[in-house]
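Colleague: Below, each chain spelled out in residue letters.
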Amino acid sequence: MREELFMAGTGGQGVLLAGQVLAQAVMEKDLNVSWFPIYSPEVRGGTTTCTLVITDGLLGSPITGHPTTMLLMDGRAVDQHLARIAPQGLAVVNMTLAPRLPSLPDVKIVTIPATDIAITLGSERTANMVMLGAYVALHPVVEIDELAAALDVLLPERHRKYLQLNVRALQAGADAAQQAT
Amino acid sequence: MSKRVLLRGNEATAEGAIAAGCRFFFGYPITPQNKIPEYMAQHLPEVGGVYLQAESELAAINMVYGAAAAGARVMTSSSSPGISLMQEGLSYIVGAEVPCVVVNMVRGGPGLGNIGPAQSDYWLATRGAGHGDGRCLTYAPYSVQELYDWVGKAFEIAERYRAPVMILADAILAQMMEPCRLRPRAEPPPLDKPWTIGGDSSTRHRNIINSLYVDHDEMEEVNRRIQARYQQAMRDDLYYVESGADDPEILVVAYGISARVCETAVERANQAGVRCRLLRPISLFPFPSARLAEWAAQVRRILVVELSMGQFVEDVRLAVEGRCPVELLNRTGGNVVTPEDVTTKLLDMAAERPGRNE
Amino acid sequence: MSETTHIQLDNLQVIYKKPDALTDTPMRYCPGCTHGIAHRLVAEVIDELGIKHRTITIASVGCSVYAYEYFDTDAIQAAHGRAPAVATGIKRVRPDNIVFTYQGDGDLAAIGLAEVLHAASRAENITVIFINNAVFGMTQGQMAPTTLLGQKTTTTPTGRSVERGGHPINICEMMTCIPGVAYLARETMAAPKYVNRAKRSIKRAFEAQIRGLGFSLVELVSSCPTWWGLRPLEALKHIEEKMLPQYPLKVFVDKVSGAGEGGEGNA
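Chains as they are written, first to last, in the numbering used here: chain A, 1 to 181; chain B, 1 to 358; chain C, 1 to 267.
Simulated from the structure, these hints should not be mistaken for lab results. No experiment lies behind these values; they were computed from the predicted model shown. Some clues are possibly wrong.
Subject to a maximum C-alpha distance of 20 Å in a straight line, what follows is the list of computed SDA-like cross-link-like pairs (lysine to any residue) [stated by the list, open to error]:
| id | chain 1 | residue 1 | chain 2 | residue 2 |
| --- | --- | --- | --- | --- |
| 1 | C | K237 | C | L249 |
| 2 | B | K193 | B | I208 |
| 3 | A | K108 | A | M1 |
| 4 | C | K52 | B | H205 |
| 5 | B | K193 | C | H53 |
| 6 | A | K29 | B | K193 |
| 7 | B | K153 | B | I208 |
| 8 | C | K203 | C | S257 |
| 9 | C | K52 | B | Y213 |
| 10 | B | K193 | C | R54 |
Listed next, with one range per pair, are the computed distances between beta-carbon atoms [stated by the list, open to error]:
| id | chain 1 | residue 1 | chain 2 | residue 2 | range |
| --- | --- | --- | --- | --- | --- |
| 11 | A | H66 | B | E242 | 48 to 56 Å |
| 12 | A | A83 | B | E314 | 46 to 54 Å |
| 13 | C | P95 | A | K29 | 33 to 41 Å |
| 14 | B | N335 | C | G212 | 30 to 38 Å |
| 15 | A | Q80 | B | A351 | 50 to 58 Å |
| 16 | B | A351 | A | R84 | 40 to 48 Å |
| 17 | B | A351 | A | L163 | 41 to 49 Å |
| 18 | B | P29 | A | R84 | 30 to 38 Å |
| 19 | C | P95 | B | E314 | 54 to 62 Å |
| 20 | B | D246 | A | S103 | 57 to 65 Å |
| 21 | A | H66 | B | E314 | 45 to 53 Å |
| 22 | A | A180 | B | E314 | 40 to 48 Å |
C-beta: ideal position from N, C-alpha, C; glycine also.
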């Protein structure tokens, strides 16, 4: 098994944290994992991406030219990155912020209204967890409760009060993905 | 075995130094290594250590010089433009024969360049240590775990040769997270050595730390002594790792993050029926020339992959001495070579066939 | 028949000698240069404070590059201008040692200005002896940051002008506003009457460090007969007549005696 997951969005959307939560949960399952971020120089509002490689074998390159899976948080991320997804790849797209999609015959695209769901739950900022929940429903490398345990490790002290909200967002994302497919 | 924790390369480097008994850090902020000084600022005080933010890299490396002369396990870290500024101090450290560890998380250049990953400080690292006949013993880890482990080994090597050791990595290794197994933090070794300054000098001959030798013969003698240590390092502290086919037609040579990329590419090429082997130097100076020469006599071609404009490949060609063709695949400026790029190149090279005369 | 003077050896007393903190190495300074007096004063202070066994001398780059040969202490030689950074590294590792740098005006006021100002602003607990003779001596008489306006040097052959060489830098006045400074004074050795107060300031500076009060610096307005093109005595007169108006003697900061800025010892 080798999964090359690419996540992209705008600074402040929590792309990096979502990637770290997944990496932490994967590590606890004794799999090999790498998490590698790229951000633009501006602290807020620039493009942010991270790449995770998840494998039960030799990890090798943490970099990939053609990711097998993409989680794309908005239209800019779709425009900039979707074209280089691997053939037969899976793309999960936040359709609240990316209403128009190109047609790629070889790619499975699952659209999730992640930001709408997050707003309904009470915080727009949990859209990252909605997307992550959707991803693990479609590609079950870890369970939702394993992500919840990882969040418990990684959430900074000042954000601990949002732990349950984030777990609800993970579950809501998983539910939405099941409905969408 | 200890539990694995998810750490950034920068954090693993800093924690690895503390675990190895480093208690003094002097540095100046520069991306992409800022998590090292931040980690040191937070965690060195826990173990009675000193973190100090210098006014420049010039000052930082000279603080390191002073602390090393006083007998401390001491470290600084920076990225390419900052390492340029440290060359003067490194030259004094070489000449005065004191040990220290310098971490360079290389970024794109020249000039201000960018904060993307690069390996374009290969010459600066392996030929560097500023003016004069000195060089930096240079080691290039390729994972978060290796950063943690090698920064500790670097102190031992530095102290063995009373010389600066550079840990050379890049913006990817610095910022990526991977699981890492940590050791308990070791106590630092005693400050007093026969050559250190400080403490009570009334009980011994006074010590002088100096790189000024006006007498030409004396200076030459010092240079020969320093070179002899490099020769000893070539025997005792030469490190490289090989993986892949045992009877390769193509040998891939890469270090650091490029070697990570090549590991995947070599695996894929072997699966596609092209017999490839990866030779990954961990020590860049000393360089595994003899081992490369052995392979050069056996393989059809050599592929060098680096994130610079043909710096590392020169050392490979010097070792190969024309025994077989050496090709270069490279990106620079913050761009990376992907496993797909390397795999395609390997398949193309195999298809071209005749390399050496046969 | 000749008369012989008999000296009674058992009645001899040592009333003046080389300080213990100086080695027997002959100094390489030019005749008439005041480096020798400055070295002696520092060494006397080290002896009187009983700190020779725990003092570390930091030599810089300039005429005093060999300071490590003259002071009989542990010593290190620093790159041009970087002595306060080297001192910082040593002092942080060895806080119980007494660390002093000995720097000229090129070293401290030109290439090393950042290092000395930041060491002061960190209240680094070190002592700096700053030799200001308004010229680069070792490199053969070029303009220094402290060269007087109109002064001829090998790189200001018609005299220093503001247009081409800028203004002289007054280090002490510049450092007076830095809170980390515990002792700051400008002195000279241009005549016997100045020498004792110069020594008193040097002693205060070392006391500041011993008491952990922070950064201390004594600027010593010095002579360079060789590159000024003057005889030794003329050079001392030149200090009094030309240098002191630009660089007035003053204790700028004194937290040792608790007198505060502009306290005891004002010129």
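Colleague: Does each hint fit the structure? Answer for all of them.
Modeller: Right, here's what the structure says about each hint:
Using a Cα cut-off of 20 Å, the hinted pair K237 of chain C and L249 of chain C holds, with the two alpha carbons roughly 15 Å apart. At roughly 13 Å between alpha-carbon atoms, K193 of chain B and I208 of chain B fall within 20 Å of each other, so this suggested pair holds. A hinted pair counts as satisfied when its Cα atoms are at most 20 Å apart, and K108 of chain A with M1 of chain A qualifies at roughly 19 Å. Note on K52 of chain C and H205 of chain B: the hinted pairing holds, with a Cα-Cα distance of about 13 Å set against a maximum of 20 Å.
For the given pair, K193 of chain B sits about 17 Å from H53 of chain C by alpha-carbon distance, which is consistent with the 20 Å threshold. Note on K29 of chain A and K193 of chain B: the hinted pairing is violated, with a Cα-Cα distance of about 47 Å set against a maximum of 20 Å. As the CA atoms of K153 of chain B and I208 of chain B are separated by approximately 27 Å, the hinted pair breaks the 20 Å bound. For the given pair, K203 of chain C sits about 12 Å from S257 of chain C by alpha-carbon distance, which is consistent with the 20 Å threshold.
With a C-alpha separation of about 25 Å, the suggested pairing of K52 of chain C with Y213 of chain B is violated against the 20 Å cut-off. The straight-line distance between the Cα atoms of K193 of chain B and R54 of chain C is roughly 16 Å, inside the 20 Å bound, and the hint therefore holds. A hinted range of 48 to 56 Å is violated for the C-beta pair H66 of chain A and E242 of chain B, which are about 28 Å apart. At about 37 Å, the beta-carbon gap between A83 of chain A and E314 of chain B misses the expected band of 46 to 54 Å.
A hinted range of 33 to 41 Å is violated for the C-beta pair P95 of chain C and K29 of chain A, which are about 49 Å apart. For N335 of chain B paired with G212 of chain C, a C-beta distance near 53 Å fails the hint of 30 to 38 Å. At about 34 Å, the CB distance of Q80 of chain A to A351 of chain B disagrees with the hint of 50 to 58 Å. Checked against the hint of 40 to 48 Å, the pair A351 of chain B and R84 of chain A fails, with Cβ atoms roughly 25 Å apart.
Judged by the Cβ atoms, the range 41 to 49 Å given for A351 of chain B and L163 of chain A is violated: they are separated by roughly 55 Å. Remark: the range hint 30 to 38 Å for P29 of chain B to R84 of chain A is upheld by a beta-carbon distance near 34 Å. For the pair P95 of chain C and E314 of chain B, the beta carbons lie near 46 Å from each other, so the given range of 54 to 62 Å is not met. Between D246 of chain B and S103 of chain A the beta carbon distance is about 47 Å. The supplied range of 57 to 65 Å is therefore violated.
For the pair H66 of chain A and E314 of chain B, the beta carbons lie near 32 Å from each other, so the given range of 45 to 53 Å is not met. Checked against the hint of 40 to 48 Å, the C-beta distance between A180 of chain A and E314 of chain B comes to roughly 54 Å, which is inconsistent with it.
In this structure, the hints that do not hold are numbers 6, 7, 9, 11, 12, 13, 14, 15, 16, 17, 19, 20, 21, 22, in rising order.
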